[in-house]
Amino acid sequence: MNQAQHGAPSQTTADAVTVTGVDKTFDTRSGQVHALQGINLTVKAGEFVSLIGPSGCGKSTLMRIIADLDQPTAGSVAVFGKSAGQARLDQDYGIAFQQAGLLPWRTVAANVGLPLELHGVGSAARAARVAELLSMVGLTEFADRYPDQLSGGMQQRVAIARSLAESPSLLLMDEPFGALDEMTRERMQTELVRICAETQAAVVFVTHSIPEAVYLSDRVVVMSARPGRIQEIVPMRLDGERTESLREDTRYFEMITAVREALHGGNPGGGIATGGLATGSVAASAPVRGAETR
Amino acid sequence: MTTGAETEGLRPGPEAGPPGLDTAAGGLLDQRSGVENPAGRGNPAGRGNPAGRVARNERIETKARQTPRGARELQVWAYGALGLAAIVIVWELYKLLAPADGVVIGGLRVLPRTTDLAMPHIWDMLARLFEPVTRAEGAAPLWAAVGAGALVTLGIAAVGWLVGLVVGVGLALVMLRWRLAEWGLLPWIILSQTVPLIAFAPIVRSWGSKIQIGGFEWADWMSVALIASYLAFFPIAIGALRGLQSPDVIHTELMRSYGIGWWRTLVKLRVPASVPYLLPALRLGAANAVIGAVVAEVSTGLQGGLGRILIQYAGQASGDPAKAWGPIFGAIVLGLVVAGSIALLGVFLKNYRRVEVNA
Ligand SMILES: Nc1ncnc2c1ncn2[C@@H]1O[C@H](COP(=O)(O)OP(=O)(O)OP(=O)(O)O)[C@@H](O)[C@H]1O
Ligand SMILES: [Mg+2]
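Going down the list, the protein sequences come from chains A and B. Residues in the first sequence are numbered from 106 upward in steps of one, following this note's numbering. Residues in the second sequence are numbered from 67 upward in steps of one, following this note's numbering.
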């Protein structure tokens, strides 16, 4: 298995994502919300980059702008050297959201094959690719089931298989494991590492979990809120295999500490909130939310 | 992480209707039809399974969810039969026990007479169905006459329902495509139902009789079908609009990420997603079409249909009380046939109703 892209991303291909000076403000009834300010970020081909930060700091917004589901107020986004819109039309990326978002009237296989079907892949080629993807996420026996017959974790795996269907060179994932329990989550992380190694895809990964970000990423982008800014980009020096044993490695804990400190540094007034976040607690996002409405 | 869901909620979904109108139409529809809102849609917490259920449990889960469904359908039928039996028993018991002149309090008859003229025995009504319509030689049995009338009415109601379907879905598509159209049209669609067109049936008929375009001549039955379609299109338009607007933002954004246009999103996402909303709307539309057709037949005096027979036999009730019940049974059977057809449609579309199961 090729794990090279974690250590040294190939320099020959165009950068997967280039975000230059992106600002985003939302006009709401209660005034303007400054969601993003002066975001500059480059994701190299094959690189795994995580976005982490307090709730409401604009991680999803940034990801949606890269996916051309939202437009930046200022600045520009290039995906593989093209505009975000062109990259979307060219199917350069695959996307997975926090919820699986499967179509309930389609079987697991038909859900995975949906993007292929929409883009005119013949039924034989489609069936072969779907079978391949389902075995990749370990759901071969469930091909003919319907989404309501699957557990949340299985649904999420179907969604991930769907996002991989067209072998995109860029994967955009917004808290894809947010709804999973810790055990399933760790297994899915391991699977994701393996899949990325196989497909050589660049990944932009939004998460609330520091250990998850550290385990998966080449670089962790730490963001701060109001306005959403990039606080610090922490490179992970964990070159080598992402294996289960890494979770007990001292370097792993050093990196977790580094990211945690970057998070703390970025939010002077909100020590409690970020402190809570650093431990991976969901409840900790409540005070941040509260502050937002004030 | 519920905060993610909250953020989603903050975003005004592209398909959220004008706030006041949408609820007004929804409320109206809910009251009139009980078009059920398939619960759990748009509610991330309610959809799917609680996180963290392990795969091992799945087989049991699947079975546990399917059994109550079959049992539920059986239950519905059992309840139906039970209700029917209860009506028969109450009818006959009342006839047996109550005084022949009914119950009169202070000169007001609060309960009806129980004479054979006012309340024939159920078995007399049923037996009458198999006797000839009139005493004339070679007259057909009553059930055949009623059946023929019911078929005519069914045909007219079906035409009305189809026209209502086309118009209703057409309006829903226009409102879906252009927000402005929704603002402009929806109030009129709701207001349209306050005009009791059915009461103006004779006028509609006389308008129709003036229409003549080339070789096409307006027939009287078309006026009846028009009134039926007028009653049918409303629930269909509202149900279709709600159904077509029902996909979650996550689904519409997924389609956008696939770079497909409005029409393909309609075909691949919105139409299948509308089925759970559309089926009850179609059922209600069909019931409305039947009621509209029967009443319009009565008020326009159209020959051949159930409405006319109903009036005619009621006029003969003093001499032949059981006969008047023939067309009433006919109307009940007609209603059941129509409801059954829609239920059958629902069986064919059962995979598109999975949200309901999930809820
Ligand atoms: N469509 C919108 N209209 C108005 N405000 C919005 C909209 N979308 C996002 N926002 C605001 O922009 C800010 C950033 O939102 P975003 O969803 O990107 O946060 P996030 O970092 O993904 O948070 P979380 O970790 O809770 O998912 C928030 O303050 C949010 O309220
Ligand atoms: Mg988010």
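If you are wondering where the hints come from, they were derived from the structure by calculation, not from laboratory data. Glycine included, each C-beta is placed from N, C-alpha and C at the ideal position. Mixed in with the good hints there might be a few duds.
[As the list claims (entries may be wrong)] Which chain A residues face chain B? A few, computed with CB under 10 Å, are given here:
hint, residue
1, Gly126
2, Thr130
3, Phe185
4, Arg267
[Said to hold, decoys possible] Sample of chain B residues lacking proximity to chain A, with all beta carbon distances greater than 10 Å (derived):
hint, residue
5, Gly213
6, Trp244
7, Thr260
8, Gly274
9, Phe282
10, Ile316
11, Leu320
12, Gly325
13, Ile326
14, Leu335
15, Pro338
16, Ala339
17, Val341
18, Val399
19, Gly406
Cross-check of the supplied hints:
1. Against a cut-off of 10 Å between C-beta atoms, the interface hint on glycine 126 of chain A is violated, since the closest Cβ of chain B lies about 24 Å away.
2. Contact between threonine 130 of chain A and chain B, as hinted, is not supported at the beta carbon level, the nearest pair being about 14 Å apart and thus beyond 10 Å.
3. Restraint check, phenylalanine 185 of chain A versus chain B: the minimum CB separation of about 15 Å is more than 10 Å; hint violated.
4. The beta carbon of arginine 267 of chain A is positioned within 10 Å of a beta carbon in chain B (closest approach about 9 Å), and the interface hint is therefore held.
5. Listed as a non-interface residue, glycine 213 of chain B keeps its Cβ farther than 10 Å from every Cβ of chain A; the least gap is roughly 38 Å.
6. With a minimum CB-CB distance of about 22 Å to chain A, tryptophan 244 of chain B clears the 10 Å threshold, and the non-interface call stands.
7. Every Cβ of chain A is farther than 10 Å from the Cβ of threonine 260 of chain B; the closest lies at roughly 33 Å, confirming the non-interface assignment.
8. Taking the minimum C-beta to C-beta distance to chain A, about 42 Å, the non-interface status of glycine 274 of chain B holds against the 10 Å cut.
9. At roughly 41 Å from the closest C-beta of chain A, the C-beta of phenylalanine 282 of chain B stays outside 10 Å, upholding its exclusion from the interface.
10. Residue-level check failed: isoleucine 316 of chain B sits 4 Å from the nearest beta carbon of chain A, not beyond 10 Å.
11. At roughly 6 Å from the closest C-beta of chain A, the C-beta of leucine 320 of chain B falls inside 10 Å, breaking its exclusion from the interface.
12. Not every C-beta of chain A lies more than 10 Å from that of glycine 325 of chain B, the closest at about 4 Å, which undercuts listing it as non-interface.
13. Non-interface status of isoleucine 326 of chain B relative to chain A is broken: a Cβ of that chain comes within 10 Å, the nearest being about 6 Å off.
14. A beta-carbon of chain A is positioned within 10 Å of the beta-carbon of leucine 335 of chain B; the least distance is around 7 Å.
15. Listed as a non-interface residue, proline 338 of chain B fails to keep its Cβ farther than 10 Å from every Cβ of chain A; the least gap is roughly 5 Å.
16. At roughly 8 Å from the closest C-beta of chain A, the C-beta of alanine 339 of chain B falls inside 10 Å, breaking its exclusion from the interface.
17. Its beta-carbon lying about 8 Å from the closest one in chain A, valine 341 of chain B breaks the requirement of being farther than 10 Å from that chain.
18. Under the 10 Å C-beta cut-off, the non-interface status given to valine 399 of chain B relative to chain A holds; the minimum distance is some 33 Å.
19. The claim that glycine 406 of chain B lies off the interface holds: its Cβ sits roughly 23 Å from the closest Cβ of chain A, which is beyond the 10 Å cut-off.
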